[in-house]
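**Student:** Hey, can you piece these two chains together into the complex? The hints should help.
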Amino acid sequence: MSSDETVVDRMGAADAVPGSAKPDPILVVDGVRRSFGGLTAVDVEHLEVQRGTITALIGPNGAGKSTLFNLLTGFDRADRGRWSFDGRQIGGRSGHQVARAGMVRTFQLTKALTRMSVLDNMLLGAQGQLGERLAGAFLRPMWKSQEKENTARALELLERFKLIDKRDEIAGALSGGQRKLLEMARALMTDPSTIMLDEPMAGVNPALVQSLLGHITSLRDEGKTVLFVEHDMDVIMGISDWIVVLAQGQVIAEGRPSDIRSNQQVIDAYLGAREEDGDE
Amino acid sequence: MDILSILAESMRSALGPVAAIYALAAIGLNLHFGYTGLLNFGQVGFMLVGAYGVGISVAVFDLPLAVGFGVGLLCALVLALLLGIPTLRLREDYLAITTIAAAEVIRLVYRSGFAEPLTGGVYGLQNLAGDFRALNPIPPGTYGVGMLSYNASHLWVMVTTWGLVLLMAGLTWMLTHSPWGRVIKGIREDEDAARSLGKNVFAYKMQALVLGGLIGALAGCMMAVYQAAIQADQFKPQVTFFLWVILLLGGAGRVFGPVLGSMIFWFLMSFTDGVLRGLGNLGLLPFLDGPDYGAIQLAFAGLMLVLLIVFRPQGIIGDRKEMLINVK
Chain A
1 MSSDETVVDR MGAADAVPGS AKPDPILVVD GVRRSFGGLT AVDVEHLEVQ RGTITALIGP
61 NGAGKSTLFN LLTGFDRADR GRWSFDGRQI GGRSGHQVAR AGMVRTFQLT KALTRMSVLD
121 NMLLGAQGQL GERLAGAFLR PMWKSQEKEN TARALELLER FKLIDKRDEI AGALSGGQRK
181 LLEMARALMT DPSTIMLDEP MAGVNPALVQ SLLGHITSLR DEGKTVLFVE HDMDVIMGIS
241 DWIVVLAQGQ VIAEGRPSDI RSNQQVIDAY LGAREEDGDE
Chain B
281 MDILSILAES MRSALGPVAA IYALAAIGLN LHFGYTGLLN FGQVGFMLVG AYGVGISVAV
341 FDLPLAVGFG VGLLCALVLA LLLGIPTLRL REDYLAITTI AAAEVIRLVY RSGFAEPLTG
401 GVYGLQNLAG DFRALNPIPP GTYGVGMLSY NASHLWVMVT TWGLVLLMAG LTWMLTHSPW
461 GRVIKGIRED EDAARSLGKN VFAYKMQALV LGGLIGALAG CMMAVYQAAI QADQFKPQVT
521 FFLWVILLLG GAGRVFGPVL GSMIFWFLMS FTDGVLRGLG NLGLLPFLDG PDYGAIQLAF
581 AGLMLVLLIV FRPQGIIGDR KEMLINVK
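Residue numbers (the working numbering), protein chains in the order written: chain A, 1 to 280; chain B, 281 to 608.
With the rest of the complex left out, here is chain B (with noise of 0.2 Å):
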């Protein structure tokens, strides 16, 4: 078991696009959670209809990918309001029931073999990205150094999703820090008291459900681009609750956290994925088959979130006599 080259893989998925694309989703769940107290539960969902506005655009009606993205977007907000219209002004577990159920139902309606035609029903769709290869700027050959060096394709997906990261977590710090962006807290804190100052509560919720679902919706377009394929079932409801885990790794209602949060879980989710293989290798885990340790990692994220909760509960930069305080 070669520890450096393990190290050096890890270190490579906390910098690539997919560490980028759950930061990018992460960051929507923070607009939410973070900011606004929405318990939102179905992130997922809003990936999938992302991804499948790209997909169903490109692969069944030939659209330019621009097209696509519009196509995912104006689903996410579709969907933002169909949740957000029946259970914002219920209180919020109501949305987050809601939330996690809906992100289900999406997912199975379109594997299903009625919507065969329009989204490729459990075989997914293909050949998404010549659009988005095409534009790359980036001339053919390889770049960086040793086990950190990537081809040109590889790297345009990566300046492409950390652009929208960036650009993503400058537009929350922009919010976040206007006086909109106080209201939201004050939601966070208490509605009643918002209201009571002359706020609009639910249509404040509305707007930050909306937003961060844009936001999530944006980082399934890219997984499109980047996979190139898309299939229903990469978007279980884990990838919601690893979006939970990265939120709150990082530090919610920071605008950085869910970025860190993202590096930290990929770099931790590779870096158990080596050591598991290459004590297997050595025939240290007799007990284990190559697919455990899928099951493994995800006991592992568990793990994470609970040690995380018990020691950390404000993430790695948030703010402990803030959590303290919040006890109520």
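The shape of chain A in the complex, shown without the other chains (with noise of 0.2 Å):
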């Protein structure tokens, strides 16, 4: 069903260029500044993000990109600058209330709770859980209920990643893609509108990227809006709706795989960069 999706243009009538508007953005992020030092890893403008796509967020080494994942997911402060998601500022919230309000990340290393099983890991992604609570801890009762329905849910999603027959397993035993899944299944479970993906095919064999990529897909197509960063160029010109440029912390190019492929810009970029990479 991937084949025909590609030819689908969701992006409206948005310009390929730097800070353009989208019609209907569910990220706006202005202004927004962090450096290190006398570094300035992410000096971003303007961006705006459209709902219900796959926009990827590329760029050479130490363009800035997980500073800028980091920045939007509440992760790290920003020196400056203002974002919204949804309508809402969420510019300086923390990152679990960042999380809470329905944009939720996923790590470059992943990060499984390794000594938790595959279920726990993903009944921690449910949200709103009473028996979360302090003192709702001592009334089972109260939450019980409640945990019946997220066991369900997780076990459907553990069913969609192909992980059920983990799932009393400890997260530790599970080999590095099946983290990637599992990671990816436990952000699902916060219910989440937008999914940042940070590297999800870094250190995955080529027989498990494919698969990734369908669980992707499939998000944005139940309407999910799905920001990935990524440096596999073949993965990224083939699902992406729309894709955002970064070299030296700002936003160079950005548009539709067919005008990055041919931007000059984003060209001299990567191979600038790679002349310059000896530093990184």
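In short, the hints are calculated from the structure, not lab data.
Backbone N, C-alpha and C fix where the C-beta goes; we use that ideal spot for every residue, glycine too.
Among the hints, erroneous ones may be present.
[What the hints assert, rightly or not] To give a feel for the contact side, a few chain B residues facing chain A, derived at Cβ under 8 Å:
1) R413
2) N416
3) I418
4) P420
5) G461
6) R462
7) G466
8) E469
9) A474
10) S476
11) L477
12) K479
13) M486
14) Q487
15) R592
**Tutor:** What follows is the structure in structure tokens.
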């Protein structure tokens, strides 16, 4: 089903210029800046992410992709700037508040909770659990039915991500690829509207890449917005609706895959970066 | 040297109130480290404020024992907040540094000259157990068999301390088998992951720190009641390290780990002491004086910790599979 999707254009009348306006942006970033000492890691003037699309964030090493990710998801503090998610200002909010607002992230280095069972990993993702309050913990009858519902939903997701047979194993016993799947499934347990994937394909064997790609496109088809950082150009060109190119902390280009492929600035940034790559 | 009487004496230690008090404090530490991953190297500080809460209320202000317990627990709450607010947002090592220093600072303040009107300074406080003994419902007499027999007053202490241990172990079980417990275990494994799933990591760490600290303070309160007298120098850092040995010996992150650990620890401590004394009496340790035995005993506790970490890092009732996986 993914073959005809690449033909569909979900971006409406968006122009392929840096900072272009989108018809229905879910994430709007304004003047975000973050420097480490003298180095400006991120300096984004304006960026909009279209709702219900797969947007890729690419750029040479050290371009500030992960830093921007951390800023947007509340895992780092911006020096200045504002950004809104789904119409609400979330700039300066902490990580857990951003997640509760519906924007959930994964990590470049997979963070499976190794000494907990796969099912417990999943259940941790469920939101609004009464039993997660200290007082509620003692009142089992109060959260028992909720726990049952969450477990059913977790098992459904595990089924979908082909981890159902592993549900009672500790997450530390999973392979690297399975951990990636678990992390994605766990993020979905939060029922997010936007999912931010930090290098979802890093360290995953080629066979699993296809299945991960399938999962990502099906997320979009369910109406979720996906923003992801990735290095593999084939992957990016294949599934993205929109591509944002960062170099030295700034958005130097954005557009549909076809626009980016022929963009001279992008080619320069990558080739140029390769020459100066010595210190990275 | 009568090995049977040494064994019986060791058994008395394993079942005695001191083992129960240490088990209680280790249950608090288990909540900190075993479940939440907080490195608290100052659990003795919580015991101290608990013990002095009882001591000062009862000996200085002549208040009822219950008020003493309340004051002790309140002091622990304040201490946990003071320790937690600045450090729990930082990396885990900062809590470790802060707690070890704070516990020692507290001891020095409580034993100092200027605090003497309240704390009794280096002399400590006495006559703390009147109310507690008056509450004893057990009729006078001797209970038990042979070497394991106790008088009514001793039995009363044992019943209450071990009762509290069971109560707190039950509380730990309930907490750790709830969604709340799942969150703190998630934080132990990776706090960024927990945060990315919408959990307020700081709040959970604070709750765990406070709860574990309160249980530590309860152990301190019971210490004051059991000994009927307290003295600041009983709360040296080595107490914290005993608690760590107990926790790791029994198995961190297991409900009964601290309980089992404390019984084994005090059995072995008493046993080495008995054996050393026995050998000394037989003239087999001519190079050691009586006071040296204590030092040897401490060295033995250290040795126990080393052997444990090398041969059984998961503790007596821990899961080796989990332990091996956690090597990052």
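**Student:** Each hint should be assessed against the structure and marked as holding or not.
**Tutor:** A quick look at each hint next to the structure:
Taken as an interface hint, R413 of chain B does not check out: its beta carbon lies about 33 Å from the nearest beta carbon of chain A, beyond 8 Å. Checking N416 of chain B against chain A: minimum C-beta separation of about 30 Å lies over 8 Å; hint violated. For I418 of chain B, the interface hint is violated, since its Cβ never comes within 8 Å of a Cβ in chain A; the closest pair sits about 31 Å apart. Evaluation of the P420 of chain B hint against chain A yields a violated restraint, the C-beta minimum of about 39 Å exceeding 8 Å.
A least Cβ separation of about 7 Å between G461 of chain B and chain A falls short of the 8 Å threshold, and the interface hint therefore holds. For R462 of chain B, the shortest C-beta to C-beta distance to chain A is roughly 6 Å, which falls under 8 Å, so the interface hint holds. With 8 Å as the threshold, the beta carbon of G466 of chain B comes within range of chain A, its nearest partner Cβ sitting at about 5 Å, so the hint holds. The beta carbon of E469 of chain B is positioned within 8 Å of a beta carbon in chain A (closest approach about 4 Å), and the interface hint is therefore held.
Because the beta carbon of A474 of chain B sits about 7 Å from the nearest beta carbon in chain A, less than 8 Å, this interface hint is met. Proximity of S476 of chain B to chain A holds as hinted, the smallest CB-CB distance being about 5 Å (cut-off 8 Å). For L477 of chain B, the suggested interface contact is upheld, since its CB lies about 5 Å from the closest CB of chain A, less than 8 Å. The beta carbon of K479 of chain B comes within 6 Å of a beta carbon in chain A, closer than 8 Å, and the hint placing it at the interface holds.
Given the 8 Å rule on beta carbons, the hint for M486 of chain B is violated: about 10 Å separates it from the nearest Cβ of chain A. Contact between Q487 of chain B and chain A, as hinted, is supported at the beta carbon level, the nearest pair being about 5 Å apart and thus within 8 Å. Against a cut-off of 8 Å between C-beta atoms, the interface hint on R592 of chain B is violated, since the closest Cβ of chain A lies about 17 Å away.
Of the numbered hints given earlier, the model fails hints 1, 2, 3, 4, 13 and 15; all others are met.
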